[in-house]
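Q: In this note's numbering, the protein residues as written are 246 to 467.
Hints in this document: simulated from the structure, not taken from any laboratory.
Ideal placement from N, C-alpha and C gives every residue a C-beta, glycine not left out.
A hint or two may mislead.
[To be verified] If you anchor each label on the Cβ, the simulated ranges turn out as follows:
1) 338 <-> 255: 27 to 35 Å
2) 448 <-> 269: 33 to 41 Å
3) 406 <-> 258: 14 to 22 Å
4) 377 <-> 261: 21 to 29 Å
[Stated by the list, open to error] In silico DSSO-like cross-links for lysine-lysine, where the CA-CA straight-line distance does not exceed 30 Å:
5) 404 <-> 249
6) 249 <-> 332
7) 404 <-> 423
8) 332 <-> 423
9) 404 <-> 339
10) 249 <-> 339
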Amino acid sequence: MLIKTLGRVDYAATLEAMRAFTDARGPDTPDELWLCEFDPVYTQGLAGQADHVLDAQGIPVVQTNRGGQVTYHGPGQVVAYPLIDLKRLGIFVKEYVFRLETAVIQTLEGFGVTGHRVAGAPGIYVRVDDPGAHAALTGPADPADPFRGLGKVAALGIKISRHCTYHGVALNVAMDLKPYLGINPCGYAGLQTVDLGTLGVFTDWATVAQRFAERLAAQLEP
């Protein structure tokens, strides 16, 4: 897998580059992993509903062809775009999503933070009051507040074309989190979004990007 650290790039241009790469690739094209960071932008998935954007506050809203609802990208967030041939890797979409989430969990573990999956809500969550707690989430969620006590630290949205993936996963490192108040993150009203800084982990983009890339490569290489 070729790992490309793109740094701060334009969202629309990067989206078009991913699509072009995927459309042009053949059965022998090597997989790539792109790591990037964006200026403030809201992105809507194919299922995105306009009313989940509460107050864009002047931040651009871009329609995309990934799955999921609205999310936010901004400085201080590591966005990873695995461009993977799933057929060659020998896995299906469900396993791919599981491996992406596993890479996030492993990356967080390296910083002393325990990531959790929530059934039916892709991405990775943490216990805000005790980020290092290892106990698994237990019992059914409260229907009135299914994310009580949790904060979302990584969002996931993917697209598959001819067995090949693009879009990917965003891990929050040290962000201005206020723009999340302008949306229902991933379509969930009141869902708290956190970053590593919120959880008491003070590190930089480059360090997290490198560790995240290592974990993703380990999960996605044959």
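Q: Does each hint hold? Answer for all of them.
A: Quick rundown of the hints versus the structure:
no. : hint                    : result
1   : 338 <-> 255: 27 to 35 Å : holds (28 Å)
2   : 448 <-> 269: 33 to 41 Å : holds (36 Å)
3   : 406 <-> 258: 14 to 22 Å : holds (19 Å)
4   : 377 <-> 261: 21 to 29 Å : violated (40 Å)
5   : 404 <-> 249             : holds (19 Å)
6   : 249 <-> 332             : holds (22 Å)
7   : 404 <-> 423             : holds (27 Å)
8   : 332 <-> 423             : violated (40 Å)
9   : 404 <-> 339             : holds (13 Å)
10  : 249 <-> 339             : holds (25 Å)
In this structure, the hints that do not hold are numbers 4 and 8, in rising order.
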